[in-house]
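Order-wise, the sequence lines are chains A and B. What the first sequence shows, in the numbering used here, is residues 1 to 323, in sequence order. What the second sequence shows, in the numbering used here, is residues 1 to 317, in sequence order.
Since the hints were made in silico from the structure, they are not lab data. From the three backbone atoms N, C-alpha and C, an ideal C-beta is built for every residue, glycine too. Relax, there's no trap hidden among the hints.
Okay, the calculated bits of chain A under chain B, using three or more residues with CB under 8 Å as the criterion: (1) 51–65; (2) 102–116.
Calculated Cβ distances over 12 Å to all of chain B for the following chain A residues: (3) His126; (4) Asp200; (5) Arg286.
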Amino acid sequence: MTYGEAIRAALRDAMCSDDHVILMGEDIGVAGGPFGVTSGLLGEFGDQRVLDFPVSEAALVGTAYGAALCGYKPVVEIMFMDFATLAMDAIVNQAAKAHFMFGGQFSVPMVLRMAHGGDIHLGAQHAQCLEAWFAHIPGLIVVCPSDAADAYDLMRAAIENPNPVVFVENKTLYRTTSAPRNAENKAELGRGRIVLSGNDISVVTYGAGVQWAKDSAANLAVDGIDIEIIDLRTIQPWDEALVLRSLRKTHRIVICHEAVTGFGVGAEIAARLADVGFSDLRAPIRRLGADHMPAAYSPKLESHSRPDSEKLCRAIKEVLSYA
Amino acid sequence: MSEITELLQMYRAMCRIRKVEERLSALHKAGDIPGFIHSSMGQESVAVGISRYLTVRDTIAVTHRGHAQSIAKGLALSALFAELMGREAGTCRGLGGSMHIADSSIGLLGANGIVGGSLPIAAGSALAHKLDGAGNLAVAYFGDGALAEGIFHECINLCALWSLPCLFLCENNGWSEFSPSDEQFSGDLKKFAAAFNVAYHFTEGLDVSAVTQMAEHIIDAIRTTSKPQVFEVSVERFHGHYEGDAQAYRDPVELAAARARDPIAHLREHLLAFGIAASILAQIDVELTVEIEIAVNVARASPVLSTNDAFAMVYAS
Ligand SMILES: Cc1ncc(C[n+]2csc(CCOP(=O)(O)OP(=O)(O)O)c2C)c(N)n1
Ligand SMILES: [Mg+2]
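Next up, chain A with everything else stripped away, as it sits in the complex:
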C-alpha cells in the first residue's frame, strides 16, 4: 500500500465506523484530489459524505469548523499547504481557540489535510512547508507521517482526536510504500519512533527527512559512523522524552527538515534541548533545513536550496568532528 492509499484506507475505515466523519475539499469527488487520495470515495459514500467544495478556502475551513461544533468530524483537504494562508482565520482564530475560549463547552474534531514540500517543480506558491506556523498555535495538533504505515495510523488517530489536527502530507511520499508496522510501534499522536538505533549521533527529523536520514545512515556506515534516526511523526506536541533519551545516549544531535531553517521546528527543538539537555550535549546542536528563500522553479536551483542526504551527511560529520 502506498502512502496515498494508506491515507485513503484510513479515511474509508473511519467513514465506515462513524457516519459523522465527512470529507470536504476542492475537487475531492470525481477527481479524487490532485494526488488522488480521495479517489473512489465519492462513489462509495455519496455526496452527503464527500463534499466537493467550491474554490473558497476560507469558507471551506470555516464551515468545516461550524459543522464540527455541531457534532460532525470533517476531514478537510487543503490541496496545497500554501493555500492554508487563505483559511488562517478559521484555523487560527476560530478552530484552534474554540475549546479554550468557550470554556470547554465545544470541541473541534476536525482534521486539515495539507500537502507540503517541493521537488515537483511547481514554484514558490506550491511548495511551502508551513508546519511551524501551526505548531506555534496553542490548540492545534500537527502531525507529519513519513511512511504509509504511519500515515494510516496517524490519520485514524487524528480523526478520533477531539482537537483540530493539521495533517501534513509530503508530496514526494504519496507513491512510496512501507512494510507493515508491529503493534508496539503503531503511531499515536505525540509519540515519535526510533527508525534506526545508533550510538554516535541522533538525527531528529520527520516527513521527507526520514528518507534522507536513512540514506545518510547507509553512506556513513561505510565510514563506521553509527547514527540514530528519530522520526518525530507528531510535531506538536513533539516527543521530547524520546529525543532526550536519545541525546543522553549519543550526546550529539542534528535536526533536519525540509522547511526553511530559521524560526522553524528545528529552532524550537534546539532551544528546548539547549535548556533541558544542556549537560548531555558534547557538541553544538545543528539544524539543517532549506535556505531562507522561496522555492525556485528551476529544478537545479530548487534542489540547491533544499536539504538532502548529502548535506545531511556533511552536517553529521561536522558535528561529530567537534572536539
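With chain A fixed as given, assemble chain B with the ligands onto it according to the hints.
Just chain B with the ligands now, with coordinates in the frame of chain A:
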C-alpha cells in the same frame, strides 16, 4: 395568544436586554468588566423578533455586538454577567468574555471578535442541520461592516449552491466602527442576494412587530425549502462602537435623531395608546431590575478560574 399579550412579551424581552446592557455599561464604567463591550442598545428588536421563531435546536453564530442576540436565544443572565466579569460561573468560565460568549445548551455557537467570523460558522452549522435532516436552521448574525469582507461572498455562494438552511441576518446600523457604511461598501445587499438567487427581505427595526412578522415568514420558508435567505434590518446604534465611545465623529443632530428611533419607546407608546396602564409597564421594569440584580450578585460571588484549570482548557481530552 392575543396580539396584546404578544406585544407585551416582546416589550418585556426588549426591556430585559436594554436593562442588562445598561447594567453592563455601569459595571464596565466602574471597572468590574474589563476589555471591550459593544452594546446593542437601539437594536433589540432584531434579536427579539427573530428568536421568537427559533427552537433550542436551531443554532446562531453572533457578532461582537452579540448580547441581544445571545440573551434573546436564551442565555442565562447570571452566566452572562459572570462571563463578562471574567468569573468561573460564566458560560465560558471567564475565558471568553463578551466577544466570545457561547452556550452549547442553547445552540449559541459563539460571539466573534472577527468581523464576518459568524458567517462560515453558521453556514457550517447549516450544513450540519441539512445532513441531520431534522428541519433545524442556522442564523448568521452580521453587521453591515461584514459586507466588505470576502468571506461574506464565499458563504452566500456556498449556501445558495448547496441549499443550506441558513438565515443571513444583517443588522445594518449604518456604522462600521467609526466609519459610515457608505464609505465602506459600494454594493447593494439586495442586488447581491439577487445575483445568487437568494431571497432578500428588508424592514426597519424601529417596529418590532414588523421584524417579527417578517421573521416568522422567512424562518418558515427556510425550514420548508432548506434554502438560505437574507434579511436586512436597519437599526440605530445608540452607544457608539464600544462602551466609552463618545461618538464625537457623529453629527450631534443626526445622533439625537437616531436615538429618537428607539424600538422600545416606540412599542411603549403603542402599548399605552392601546390602553395598557403605565403601571403594568412599570411593574415589568421592577421585575426585570430584581432579576438582573440577583444575576449580578451570583456573578460577583463567583471566583476566577484557577490558572491550572485554564491551562487544561487549551486542548480537549
Ligand atoms: C477582521 C476584523 N477586522 C477589523 C476588526 C475591527 N472591528 C471591530 S468591529 C468593526 C466594525 C464592524 O462593523 P459592523 O459589522 O457593521 O458591526 P457593528 O459594530 O456596527 O455592529 C471593526 C472594523 C475586527 N474585529 N475584525
Ligand atoms: Mg454596523
